[in-house]
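Enquirer: Chain by chain, the residues:
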Amino acid sequence: MFLIFHVPALTKTILISLIALLTLLGIMVRPWKLNEAIIALAGAGLLLILGLITPLDAMTVLINDWNIFFFFLGMMALSALAEAAGLFDWLAAQAARLAGGSSRRLLLNTFLLGSLISMVLSNDATALILTPIVYTLVTRLRLPVLPFLFACTFIADTASFLLPVSNPINIIVLSTFRLDLWTFLRLLLLPSLLVIGINIAAFFLLYRQQLKGRFDAKRLPSATDSIKHKGYFRYTCTVLGLVAIAYVIASATQFPLSLVALAGAGLLLVGALWWKQSTLLDTSRHISWAIFGFIAGMFIVVRAVEDTHLTTQFGQVLLQLSGGSSLGSVIVGTLGAALGTNLINNVPMAVVLTSALHGVQHSAPSVRLGFIAATIFGCDLGPNLTTVGSLATVLWLLILRRRNLDVSGLDYFKVGILVTPFMLVIGAVTIWLLLP
Amino acid sequence: MRVLCCLDGTNAEQLGKAVSTMLRGDTLTVGLVYVIDSGPHADIERQRERFLRHPLPPPQRREQMKQAEEASAQEILEEGARFLPGAERLRREGRPEREIVQCAAEWTADLIVLCSRSMLSQVPSLGPKSVGHVARFVLDHAPCPVLLIRPLSSEQLPHSRIV
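Those protein sequences? They're chains A and B, same order as listed. If you read the first sequence in my numbering, its first letter stands for residue 1, the second for the next number, and so on. If you read the second sequence in my numbering, its first letter stands for residue 1, the second for the next number, and so on.
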């Protein structure tokens, strides 16, 4: 509409800001339990209808970010096809067997397995696939469920910056700010290992009494029972091994990671069809198509805000808050990202912050790198602060609590609020020490 | 007298001892209730929503979870029946505190017997937090008298007096 009629720049800026704010608020509150994708797409649609962003601009931003869309697709397909092979069930059964009847060792193995899965297949796989498997396992073993359930939830995020592929958020940030693999590892591997260690130690301390017991190994399901087809299982292990190596090579050579994920998923799909273990329809059912709408909507909304230079100014504010120092950049970046991910989902927060970081492009290299690493770190680890999703969910749980309904979601919150700030501070200080 | 004993997977022996020592056996009808807690399902669903997925896990996973829960419930009830032979077994699903109260009303219990907390609990056996949320809710909402079983802690008394 405003493409036809001339509208003052200030009016345009106000309208775009209003729509962007309403979109973020909608994602935060989710009125009538609306899907986030619908809210993000509604925001983008409104901007397009009002002519506050041109269709060409919207299309360009989506095409430019093809790597992110394809990575999400490849990552979800890889996990779904590996699940069809029974790989996760097999790994969990092995982790339990190696625990030798000790509850403590089983918790440690759950953390290690979660870290491995997050590292190679991203935090989605740990949170969405490993969690119900571990729940089934500990229920059979008659162990207290919550420590193990929480372990899966926490480690999914805590181990999600071991590699660029460990969290799609990393791909969103790295698609704009290309860090080579060695810089990524130099800045984030040690903090990652440190926070994983803190996470494990905190759980052992918090649940020391509940983990005193032993479990009867006879209750364990047979690991071989989880393998649905031996040939497809071996093939899946081989392909995933190759994908892991290819991820490292691609990260080192700046080759698009999405193509590796898609190629791996393609190979697994061929195997699944060959051994009749899955179909294209089955695999597609395991993919959350709404995510693509959500990201697309967010990209368009943030692109429109970029035109108003508000994101650049936000970046400048962040720079000022940091005092132009590398320590300031890491602290401000980490806190901003961590708090933001708990207000809205971490995907939109990463998109907003990535856009804002254009404003710090011309600062000193250590400050710029500090902001980038802190954004990845804060957006990845931040959700552990509330874990139940967002502050809105926490408030809702508190209301339920007041109605005398005990909700274990609040237990998540208690653990998160106790452990995560410590992990954030230690991780941020380590990143600062590792900056050039 | 209809006595409803609440099992939690860790307390069968304690409940068995309490019923056999404190209540007269010849007039008792004992029921054993075990509630499959639906809380973890809600946690898993919230987790899936955070990752922008449909809240329910795929049907095959749900079936696996259900089978594990049922097998475990069966085992716990059998274990309870070893300590309280001839007891009626009642299996429920939902929030344990609510289901126990509801079950007591439907089964027309004259007395509910339950432990103050899980035997694995890390909270001290005395003090304001010594009664867990399930026991607290049942104490507050039970439609009949409640017998609360707690570990013997006389060695922790007397408390030092404030002068």
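Think of the hints as simulated: they come from the structure by calculation, not from any bench. Among the clues, some could well be false.
[Unchecked claim] Some chain A residues close to chain B (C-beta under 10 Å, calculated; not the full set):
no., residue
1, 6
2, 8
3, 31
4, 34
5, 35
6, 135
7, 136
8, 149
9, 214
10, 222
11, 224
12, 296
13, 307
14, 310
15, 314
[Claimed, not checked] Think about it this way: if two alpha-carbon atoms lie no more than 20 Å apart in a straight line, the pair counts; the simulated DMTMM-like pairs of lysine to aspartate or glutamate are:
no., chain 1, residue 1, chain 2, residue 2
16, A, 276, A, 216
17, A, 33, B, 45
18, B, 17, B, 70
19, A, 212, B, 13
20, A, 218, B, 79
21, A, 12, A, 57
22, A, 33, B, 70
23, B, 17, B, 93
24, A, 228, A, 282
25, B, 17, B, 79
26, B, 66, A, 225
27, A, 12, A, 307
28, A, 414, B, 79
29, A, 218, B, 93
30, B, 17, B, 49
31, A, 12, A, 411
32, B, 66, B, 110
33, A, 228, B, 63
34, B, 129, A, 411
35, B, 66, B, 78
36, A, 218, B, 45
37, A, 218, B, 140
38, B, 17, B, 110
Ideal Cβ positions, reconstructed from N, Cα and C, are used throughout, including at glycine.
Enquirer: When the hints from earlier in the document are held up against this structure, which numbers fail?
Expert: The structure conflicts with hints 1, 2, 3, 4, 9, 10, 11, 12, 13, 14, 15, 16, 18, 22, 23, 28, 29, 30, 31, 32, 36 and 37, although it agrees with all the remaining ones.
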